[in-house]
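Colleague: Taken in sequence, the protein lines are chains A and B. Under my numbering, the first residue of the first sequence is numbered 1, with each subsequent residue one higher. Under my numbering, the first residue of the second sequence is numbered 414, with each subsequent residue one higher.
To be clear, the hints were calculated from the coordinates, so they are not data collected in a lab. Keep in mind the model is a prediction, meaning the values are calculated, not measured. Check each hint, because a few of them may be wrong.
Claimed, not checked - Facing chain B, according to a computed beta carbon distance under 10 Å, are these residues of chain A, among others:
(1) E223
(2) D337
(3) D411
Ideal placement from N, C-alpha and C gives every residue a C-beta, glycine not left out.
Listed below are the residues making up each chain.
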Amino acid sequence: MKKYDYLLLRFGELTLKGRNRAKFEKAAVEHVRALLRPYPEAKVRREFGRIYVDPGSGQAETLIPVLQNVFGMTSMSPVRAVKPELDEIIRAAGELLEAMELKRETTFKTNVRRVWKDFPHSSQESNPLIASPLLKRFPLLKVDVREPELELRIEIRDQFAYVYGEVIPGAGGFPLGTNGKALLLLSGGIDSPVAGWSALRRGLEVECIHFHSYPFTSEKAKEKVVDLAQALAEYAGKIRLHIVPFTEVQTSFTQMGQDNLMITLMRRAMLRIATKVAEREKALALITGESLGQVASQTLPSMNVIERATELPILRPLVMTDKDEIIRLSRRIGTYDISILPYEDCCTLFVPKSPTTNPNLRIVNKVEAVTPNLERLIEEAADGTETIELFAGGSRSRSNQEGEESPANPDWF
Amino acid sequence: MLNFDHAASTPVHPDVIRTISEVTEAHSGNPSSIHRGGQAASRLLERSREVCAAALGVQSAEIVFTSGATESNNLAVKGMLLGRVDGRRHIVTTQIEHASVYESCRQLESFGFEVTYVAPEADGTVRPERILGAVRKDTALVSVIHVNNETGAVQPVEEIGRQLKRRDARVRFHVDGVQGFGRLALGLNAAGIDLYSLSAHKIGGPRGVGLLVVRSGVRLFPLISGGTQESGLRAGTENVPSIVGAAKAFRLAAEGQPERAERMNLLREYAVREVRKHKALTLTEPAHPAPHIVHFTFPGLKSQVILHTLEELGVLVSAQSACSAKTEKPSRVLEAMGRDRAHATSGIRFSLGDGHTQEEIRLLSEALEQAVSRLAPFEGRKR
Numbered sequence: 001m002k003k004y005d006y007l008l009l010r011f012g013e014l015t016l017k018g019r020n021r022a023k024f025e026k027a028a029v030e031h032v033r034a035l036l037r038p039y040p041e042a043k044v045r046r047e048f049g050r051i052y053v054d055p056g057s058g059q060a061e062t063l064i065p066v067l068q069n070v071f072g073m074t075s076m077s078p079v080r081a082v083k084p085e086l087d088e089i090i091r092a093a094g095e096l097l098e099a100m101e102l103k104r105e106t107t108f109k110t111n112v113r114r115v116w117k118d119f120p121h122s123s124q125e126s127n128p129l130i131a132s133p134l135l136k137r138f139p140l141l142k143v144d145v146r147e148p149e150l151e152l153r154i155e156i157r158d159q160f161a162y163v164y165g166e167v168i169p170g171a172g173g174f175p176l177g178t179n180g181k182a183l184l185l186l187s188g189g190i191d192s193p194v195a196g197w198s199a200l201r202r203g204l205e206v207e208c209i210h211f212h213s214y215p216f217t218s219e220k221a222k223e224k225v226v227d228l229a230q231a232l233a234e235y236a237g238k239i240r241l242h243i244v245p246f247t248e249v250q251t252s253f254t255q256m257g258q259d260n261l262m263i264t265l266m267r268r269a270m271l272r273i274a275t276k277v278a279e280r281e282k283a284l285a286l287i288t289g290e291s292l293g294q295v296a297s298q299t300l301p302s303m304n305v306i307e308r309a310t311e312l313p314i315l316r317p318l319v320m321t322d323k324d325e326i327i328r329l330s331r332r333i334g335t336y337d338i339s340i341l342p343y344e345d346c347c348t349l350f351v352p353k354s355p356t357t358n359p360n361l362r363i364v365n366k367v368e369a370v371t372p373n374l375e376r377l378i379e380e381a382a383d384g385t386e387t388i389e390l391f392a393g394g395s396r397s398r399s400n401q402e403g404e405e406s407p408a409n410p411d412w413f
Numbered sequence: 414m415l416n417f418d419h420a421a422s423t424p425v426h427p428d429v430i431r432t433i434s435e436v437t438e439a440h441s442g443n444p445s446s447i448h449r450g451g452q453a454a455s456r457l458l459e460r461s462r463e464v465c466a467a468a469l470g471v472q473s474a475e476i477v478f479t480s481g482a483t484e485s486n487n488l489a490v491k492g493m494l495l496g497r498v499d500g501r502r503h504i505v506t507t508q509i510e511h512a513s514v515y516e517s518c519r520q521l522e523s524f525g526f527e528v529t530y531v532a533p534e535a536d537g538t539v540r541p542e543r544i545l546g547a548v549r550k551d552t553a554l555v556s557v558i559h560v561n562n563e564t565g566a567v568q569p570v571e572e573i574g575r576q577l578k579r580r581d582a583r584v585r586f587h588v589d590g591v592q593g594f595g596r597l598a599l600g601l602n603a604a605g606i607d608l609y610s611l612s613a614h615k616i617g618g619p620r621g622v623g624l625l626v627v628r629s630g631v632r633l634f635p636l637i638s639g640g641t642q643e644s645g646l647r648a649g650t651e652n653v654p655s656i657v658g659a660a661k662a663f664r665l666a667a668e669g670q671p672e673r674a675e676r677m678n679l680l681r682e683y684a685v686r687e688v689r690k691h692k693a694l695t696l697t698e699p700a701h702p703a704p705h706i707v708h709f710t711f712p713g714l715k716s717q718v719i720l721h722t723l724e725e726l727g728v729l730v731s732a733q734s735a736c737s738a739k740t741e742k743p744s745r746v747l748e749a750m751g752r753d754r755a756h757a758t759s760g761i762r763f764s765l766g767d768g769h770t771q772e773e774i775r776l777l778s779e780a781l782e783q784a785v786s787r788l789a790p791f792e793g794r795k796r
């Protein structure tokens, strides 16, 4: 038996006012649909600034954790839809309260809205008619009409009466993509996926770029980044991941006899390549997982020199966040266990024991000017990018790469 | 031949056979190889892990693939006690475990560990309070079978797990889930289960694959060393095609559980009515019987005689469990339930599978009737 008939999704006032309202709502509905792609039976309906999700023959409960990832959604409620009759409403309300498993005294009120005027009791009359049998049945309930902990809402329409009480917090932020598109530099570490999630939550459409130095970095390292991007796709519905063949660029710096500047040079090259890819993909900013002072390349003098390699704004959602907090977020969004897999990524290759924390821009400029063919190598790396599209629920498609031999057939599982 | 011995091994699901054959053909890589062929095999393995985890409501990292439930049980019991560093050296288990748990405990006893074997009630069910009553300060592990493979008695593992965790969360709880999975619903989280053994060939998968769920934070000492496969808990190249097939079988078994239980319960009730018709037979009646097992004894005759008579009549059944059927000793499980020698040596088990119909139960009961009338004159005589 189904416990709930619908899920009701609410969006903050912020997103619902002004000229952008329609755009926001549309983005939110699209995000809901993308997240529900693995649940083809679920139906989505938009009504008066709210979204209703009908689970079809599935259980609404299984969709709750999925829909908690809808950005811009402030909260959601599981809803029962019953015949607009007093007995039915009371029974549904009783079942909802039962499912909540009250453990302590809880203040509550009912809030009836009669939209269908042929219902025999007015909104005012209905409140005590519904509340009193519930109070009798659930001795832990105490009435408080001013500030109840639990507000049981009943909306009576001619086809159905909707009954709901539980309010489940949502992810907040802005509906996906309503703030434009940016390109995330995704390493295999803990920080960058968290930065990506923060950007998604704030209404950015995110594409990812990863630098791969095969064979110095392994196929496993690349697979790990695909898994991280997949984890982000579970939130975004879809993620495009651009994988840059970085070997030539990176090895060219090792010939320059400036090992202590290795990271600075490498990061600047990454920004240049990312800028080209961002322009191609019409992304208006770069996102990084940098957190001030965390490593040599993330000191203020390093950031200052590195950032000059691009004209695009660099968004750093985690720049002032402590590592503990970043780890906590990464566990919450489910990327931590992937991030800590031990495959080396290109950021740690050819890195000297004590890289500089205070690079000199003039020297960096000179080294770059004399690195053979640097401009061409950067161009080639950007052009040789392989793009993978990842979708919520696990499917993926590839471009720019010869087909993998005997791919896994989903029917096998 | 009518196969009523599905608790010993089920036929392999046709889709699973196809999976195994296609994967065998397309992927010969070693999942530990870092080249493409190896990585493709590795991805299949990890996808299988995800599928099994989803079927069980756990994390993929908590699934360890093994060669079968016997290995899973060995790893759970011996691995737990050998891996314990807090000085706890005591196990509580029951007298009605599968031999792989029972013998593991016996082995540990020979190394100086201590084991309490809790007796079941006369109906074959172990009472939670008797398990809890046997738990000591130095108890490391409680191991209880979910459904006894011989009698089909469902053990109150949810209740045991809940009470155990309330009493002492550092005691680990292992459940041998082989006969229960796919037939009964069991939430590993709600039941406080730390270790859970399964076998693929009891639910339409291939022989040679099982798994052990090892909940995160639970430490085991590996019994097979020589590689980092399966998070270091089980060295050796993984049997990729069979694991992929097993993952499919586990998924199908979990998805079909409610409907399967309902269907089998009806067939079981029918078979039970037929057994009851015969005065010579004593039906074993657990308080909670599993949907797929009917067990009875025919005192005065040896199990093997009954088994082979039924075989001649076209019906395959089992005497004791398949793993101990070759011995002539009285059943350890029936003796633990207080049955005398006449009963404990004459147990017969029918076990139902997915394909069975009312009509087949009718044929089974006809065969049973013939067997009983053929054998009744020999009751109590020596051979």
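Colleague: Now, for every hint given, state plainly whether the structure supports it.
Modeller: Structure-based check of each hint:
no. : hint : result
1   : E223 : holds (7 Å)
2   : D337 : holds (7 Å)
3   : D411 : holds (8 Å)
When the structure is compared with the earlier hints, no violation turns up for any of them.
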